[in-house]
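Could you put together the complete structure from these sequences and hints?
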Amino acid sequence: MGYWDLPEGTDCVQKTWITTKLSTALGLVGSAYHIVAFQPDSALAALQRTTNTTVTMATMGAIFGMVTCLSAQAREAPDDPLNYFIGGCASGIFLGARMQLSVLYYRAAVTSVHWNLHHFLYTTRSPRL
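Residue numbering for the sequence shown is 12 to 140, as defined by the working numbering.
Simulated from the structure, these hints should not be mistaken for laboratory data. Note that beta-carbon positions come from the ideal geometry of N, C-alpha and C, so glycine has one too. Among the clues, some could well be false.
As the list claims (entries may be wrong) - Computed cross-link-like contacts, EDC-like style, restricted to lysine to aspartate or glutamate with a CA-CA straight-line distance of at most 20 Å:
| no. | residue 1 | residue 2 |
| --- | --- | --- |
| 1 | Lys32 | Asp52 |
| 2 | Lys32 | Asp22 |
| 3 | Lys32 | Glu19 |
As the list claims (entries may be wrong) - Pairwise CB distance ranges (calculated):
| no. | residue 1 | residue 2 | range |
| --- | --- | --- | --- |
| 4 | Gly41 | Tyr14 | 31 to 39 Å |
| 5 | Asp52 | Gln84 | 44 to 52 Å |
| 6 | Asp90 | Ala43 | 30 to 38 Å |
| 7 | Gln111 | Gln50 | 20 to 28 Å |
Pasting the structure below:
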(Lines of atoms letter the chains of each structure in order from A and count residues from 1; the text may use other names and numbers.)
(Lines give C-alpha, C1' and ligand atoms only; values in the text may rest on other atoms or scores of the structure.)
Protein backbone atom coordinates (compact mmCIF):
# COMPACT_ATOMS: atom_id res chain seq x y z
CA MET A 1 0.00 0.00 0.00
CA GLY A 2 1.36 3.40 -0.96
CA TYR A 3 1.19 6.81 0.64
CA TRP A 4 -1.40 8.14 -1.80
CA ASP A 5 -3.66 5.08 -1.43
CA LEU A 6 -4.77 6.27 2.01
CA PRO A 7 -7.06 9.31 2.32
CA GLU A 8 -5.40 12.42 3.72
CA GLY A 9 -5.79 12.90 7.45
CA THR A 10 -6.56 9.23 8.16
CA ASP A 11 -4.44 6.35 9.43
CA CYS A 12 -1.57 8.55 10.57
CA VAL A 13 0.45 5.62 11.88
CA GLN A 14 0.45 3.89 8.47
CA LYS A 15 1.31 7.13 6.63
CA THR A 16 4.13 7.82 9.08
CA TRP A 17 5.46 4.29 8.64
CA ILE A 18 5.49 4.72 4.85
CA THR A 19 7.35 8.05 4.96
CA THR A 20 9.80 6.65 7.52
CA LYS A 21 10.60 3.64 5.32
CA LEU A 22 11.09 5.83 2.26
CA SER A 23 13.33 8.32 4.02
CA THR A 24 15.35 5.49 5.61
CA ALA A 25 16.02 4.06 2.16
CA LEU A 26 17.02 7.50 0.88
CA GLY A 27 19.33 7.90 3.88
CA LEU A 28 21.02 4.59 3.14
CA VAL A 29 21.50 5.47 -0.53
CA GLY A 30 22.83 8.91 0.35
CA SER A 31 25.20 7.39 2.88
CA ALA A 32 26.52 4.94 0.31
CA TYR A 33 27.24 7.74 -2.15
CA HIS A 34 28.88 9.81 0.57
CA ILE A 35 31.13 6.94 1.66
CA VAL A 36 32.18 6.27 -1.93
CA ALA A 37 32.88 9.96 -2.58
CA PHE A 38 34.66 10.62 0.73
CA GLN A 39 36.49 7.49 1.88
CA PRO A 40 36.46 7.11 5.69
CA ASP A 41 39.60 6.11 7.58
CA SER A 42 38.12 2.94 9.06
CA ALA A 43 35.12 0.66 8.89
CA LEU A 44 33.93 2.02 12.24
CA ALA A 45 33.96 5.58 10.87
CA ALA A 46 31.95 4.41 7.84
CA LEU A 47 29.43 2.69 10.11
CA GLN A 48 29.09 5.77 12.30
CA ARG A 49 28.60 8.03 9.29
CA THR A 50 26.02 5.70 7.75
CA THR A 51 24.11 5.34 11.01
CA ASN A 52 24.12 9.08 11.66
CA THR A 53 22.81 9.95 8.20
CA THR A 54 20.24 7.16 8.03
CA VAL A 55 18.77 7.83 11.48
CA THR A 56 18.55 11.55 10.72
CA MET A 57 16.72 10.92 7.44
CA ALA A 58 14.40 8.34 9.02
CA THR A 59 13.52 10.77 11.80
CA MET A 60 12.82 13.53 9.29
CA GLY A 61 10.50 11.21 7.36
CA ALA A 62 8.66 10.23 10.52
CA ILE A 63 8.26 13.85 11.58
CA PHE A 64 7.04 14.87 8.12
CA GLY A 65 4.52 12.02 7.89
CA MET A 66 3.11 12.49 11.38
CA VAL A 67 2.91 16.30 11.32
CA THR A 68 1.35 16.35 7.84
CA CYS A 69 -1.33 13.85 8.83
CA LEU A 70 -2.05 15.45 12.20
CA SER A 71 -2.30 18.93 10.68
CA ALA A 72 -4.81 17.58 8.14
CA GLN A 73 -6.87 16.18 11.02
CA ALA A 74 -6.58 19.23 13.26
CA ARG A 75 -7.34 21.74 10.53
CA GLU A 76 -10.14 19.57 9.09
CA ALA A 77 -8.76 20.34 5.62
CA PRO A 78 -7.32 17.07 4.36
CA ASP A 79 -6.61 18.14 0.78
CA ASP A 80 -4.97 21.46 1.60
CA PRO A 81 -1.32 21.81 0.45
CA LEU A 82 -0.66 23.82 3.61
CA ASN A 83 -0.51 20.51 5.49
CA TYR A 84 2.62 19.59 3.52
CA PHE A 85 4.09 23.02 4.19
CA ILE A 86 3.60 22.48 7.92
CA GLY A 87 5.14 18.99 7.72
CA GLY A 88 8.09 20.30 5.69
CA CYS A 89 8.72 23.08 8.18
CA ALA A 90 8.60 20.65 11.09
CA SER A 91 11.12 18.29 9.51
CA GLY A 92 13.27 21.25 8.43
CA ILE A 93 13.30 22.54 12.00
CA PHE A 94 14.50 19.13 13.18
CA LEU A 95 17.27 19.09 10.55
CA GLY A 96 18.34 22.62 11.42
CA ALA A 97 18.47 21.78 15.12
CA ARG A 98 20.31 18.53 14.40
CA MET A 99 22.94 20.21 12.24
CA GLN A 100 22.91 23.39 14.36
CA LEU A 101 22.27 25.56 11.31
CA SER A 102 19.53 28.15 11.66
CA VAL A 103 19.71 28.83 7.90
CA LEU A 104 17.99 25.49 7.28
CA TYR A 105 14.87 26.71 9.08
CA TYR A 106 14.54 29.44 6.48
CA ARG A 107 15.37 27.19 3.53
CA ALA A 108 12.81 24.55 4.54
CA ALA A 109 10.08 27.16 4.77
CA VAL A 110 10.99 28.81 1.46
CA THR A 111 11.15 25.47 -0.37
CA SER A 112 7.79 24.38 0.98
CA VAL A 113 6.17 27.66 0.00
CA HIS A 114 7.71 27.44 -3.47
CA TRP A 115 6.40 23.89 -3.98
CA ASN A 116 2.92 24.84 -2.83
CA LEU A 117 2.77 27.96 -4.96
CA HIS A 118 3.73 26.02 -8.05
CA HIS A 119 1.51 23.04 -7.20
CA PHE A 120 4.32 20.47 -7.36
CA LEU A 121 2.49 18.24 -4.94
CA TYR A 122 -0.88 18.16 -6.67
CA THR A 123 -0.14 18.54 -10.35
CA THR A 124 -1.91 16.13 -12.67
CA ARG A 125 -0.55 17.45 -15.93
CA SER A 126 2.84 16.80 -17.45
CA PRO A 127 5.58 19.21 -16.43
CA ARG A 128 6.47 21.93 -18.91
CA LEU A 129 10.11 22.11 -19.88
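task = Please test the hint of 20 to 28 Å on the beta carbon pair from Gln111 and Gln50.
result = With a Cβ separation near 26 Å, Gln111 and Gln50 satisfy 20 to 28 Å, so the hint holds.
query = Under the criterion that the straight-line Cα-Cα distance not exceed 20 Å, is the pair Lys32, Glu19 satisfied?
reply = holds (18 Å)
message = Between the beta carbons of Asp90 and Ala43, is the distance compatible with 30 to 38 Å?
response = holds (36 Å)
task = Note whether the CB distance of Asp52 and Gln84 lies within 44 to 52 Å or breaks it.
result = holds (47 Å)
ask   = Is Lys32 within 20 Å of Asp22, Cα to Cα?
value = holds (16 Å)
request  = Sort out whether Asp52 lies within 20 Å of Lys32, counting only the CA atoms.
outcome  = Violated, at roughly 29 Å.
ask   = Is 31 to 39 Å right for how far apart the beta carbons of Gly41 and Tyr14 are?
value = violated (20 Å)
Checked against the numbered hints above, the structure breaks hints 1 and 4 and satisfies the rest.
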